[in-house]
Amino acid sequence: MASPIAGLPIAVVTAVTKEYRLGQQLVSALRGVDLTVYQGEFLALAGSSGSGKTTLLNLLGCLDTPTSGTIEVLGVKTMGASDTEAAHLRANKLGFVFQNFNLIPVLSAVENVEYPLLKRHMTARDRRERAMQALARVGLAERMMHRPDELSGGQRQRVAIARAIVHDPALVIADEPTAALDKKTALEILDLLAELRSQMGLTVVMASHDPLALSKASRVVEVSDGMLVKGQS
Amino acid sequence: MLIRLAFRNLFRNSRRTLMSLMMIAGGFASVVVFQGFAAAILEDIRWGAVNSQFGHIQIASQKLWDPGSDDVFRDRQLEHPEELKEKIASLGDIKSVSARQFFYGLASTGEQSVSAQIIGFEPHLETELISKEMIIEGVPFTPPTKSGQTIYEAAVGEGLARLLKAKPGQTLTIIGQTADGGINAIDAEIKFLFRTVVQEIDDTTVYVPLSLSQKVLDSDGAERVVIKLKDHDMVAEVLTKVKAVLPDGTQARGWRELSRLYNQTERYFETQNAVVAGIILALILLSITSTVGMSVSERTGEIGTMRALGDTKPAVLRLFALEGLLLGGIGGVIGAILGYTISIILTAVKVPIVLPGATQPIPVRVTHLPSAYVLAFLLTVFAAFLATMIAARRASQMNIVDALKKNV
Ligand SMILES: Nc1ncnc2c1ncn2[C@@H]1O[C@H](COP(=O)(O)OP(=O)(O)OP(=O)(O)O)[C@@H](O)[C@H]1O
Ligand SMILES: [Mg+2]
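Heads up: the sequence lines are chains Y and L, in that order.
Residues 507 to 739 in the numbering used here are what the first sequence lists, from first letter to last.
Residues 11 to 418 in the numbering used here are what the second sequence lists, from first letter to last.
Pulled out of the complex, with its shape left as it was, chain Y reads as follows (with noise of 0.2 Å):
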């Protein structure tokens, strides 16, 4: 099968399941799905709310894994994964931007952004200074010591992509990452996520149901009730 970008196999969702116990009820979220997402794409998930686009993503992201089916990710099977092989991963290969921005309160814009670093043995120095590039990166070097709560949403989304690419992550994981914002705060973020992609050789995976989300993909694939409409893989 021809695939659509120039690129490797980054993530390879095969025959995955997906199922919720909701007291006695299963609820299928995920039934059947195989899915590659290629080096250097800005792949978007498409579809109705409850479609199952973040049931997809959390497994992208080894936060869950499938009921059957396998995933692999950056050559690691997450089923057999351990919790703390998966913690590892998404410490060093993953980044993560969330609909709600998900900063931690306490911490000011370039401690937040240092934060995945911490795991990492780096002197305080290093670490302020790759984040200080990360924040410079996404344009909001002068913000550095304000609180999020001291900073507009599109501002903060700015702190969380910056925190999510701070340590040159293989993959970043976008869910619903203009869900919160204004038509033109969305339009800048959505800009930004595709200029990093390019300027850095990001990977991008993200889940939305705004159309100019979608527009701004290298690539949408659509979900529909738990599968991914025909043609799409």
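Worth double-checking, as some hints may not be accurate.
[To be verified] In silico lysine to aspartate or glutamate, EDC-like type, Cα no more than 16 Å apart, as pairs:
id : chain 1 : residue 1 : chain 2 : residue 2
1  : L       : K323      : Y       : E635
2  : Y       : K599      : Y       : E578
3  : L       : K360      : L       : D54
4  : L       : K253      : L       : E267
5  : L       : K323      : Y       : E591
6  : L       : K175      : L       : D228
Everything labelled a hint here was simulated from the structure, so no lab data went into it.
Position chain L with the ligands against the provided structure of chain Y, taking the given hints into account.
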């Protein structure tokens, strides 16, 4: 940076943290004050035991310490107290060594007769047994003469004097059984009435010069030899030296072995201190568990984020543990300052208390006991650690995806 983060997290809800800190500090201070108070009382009892009762070390016949039913009076006596005293005096570190005699007898003023315990001692050597401050009426004993003549004088305890209607200057007839079993009666002049710190002594005791008691008993012996040391901490050391030179059939005992009151009080306070420490441990445990527990609940979303960013379970545990330890540590420091201040204030205010069996109230004192501070600190940090672990385990065990949903 982790410590900075823990510190800031701690003061996110500053009211709750302050409440918790007050609880911990209060608990810490209670331990320190209670133990310091107990230590001060024990010091007072020790002082009384050494100075008004036992001296530091006593030597007596083995049969006085462990009486048998067939013993006769002479078995319980030291035969050559003077020789023994000289031998002990040459050992060093000794302030005084003197002999005491003791017997039950009848004290009579002619008008009233009351049974009493008669203690013969050497007033010029044992100056603290009946100090000048204890004389409530009359004048001290006449000092002994070179030739060692018998001094016909007596001193009567306050309570006993009331029963006898005795006054200084009167004649007191002391009747006792001689070493050989006969009855002897000797007249002595009452020199003074006394009040010690121990009620029981004041109600039952007649003090006389050793020579007079020997006269009544018709014996040169003594019941015991009493040693006072220059330095209180030397007891164990001197005791060993004394034991090495003791004649056969005699035994030496330290004041601690002799003072039942001290031992009982010490045991009582040990129990009380343990109970206080236990209660406080529980309070601190509860307080920190709830503080950290609430913090964990409120920060569920954040915990999800931390885990998503690659923190392992132990890393999450570590952060909360650090917060708990900081809470305990800061609480401990405040507690130490609080405890120290309360100790000083209580001591300065001089609240009067009457110890069991004592005649007069003494002002409350609180000793600054370094060991109590160490114990309280260990207790606090241990409680903080344990409580945090209980609360933080829940944080680290959380499902990441569920926790992340709490971010709104
Ligand atoms: N923890 C859970 N327990 C039970 N059911 C769940 C759980 N998480 C998700 N689901 C269900 O799985 C399905 C897919 O949910 P998911 O969150 O992946 O959808 P989504 O495409 O991200 O939707 P949205 O656009 O609203 O974010 C939904 O039906 C949802 O109710
Ligand atoms: Mg979603």
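Hints versus structure:
1. L:K323 <-> Y:E635: violated, 28 Å
2. Y:K599 <-> Y:E578: The hint holds at about 13 Å.
3. L:K360 <-> L:D54: holds, 14 Å
4. L:K253 <-> L:E267: At roughly 15 Å apart (the allowed maximum being 16 Å), L:E267 and L:K253 satisfy the hint.
5. L:K323 <-> Y:E591: Holds - the C-alpha atoms of Y:E591 and L:K323 are around 11 Å apart, at most 16 Å.
6. L:K175 <-> L:D228: violated, 28 Å
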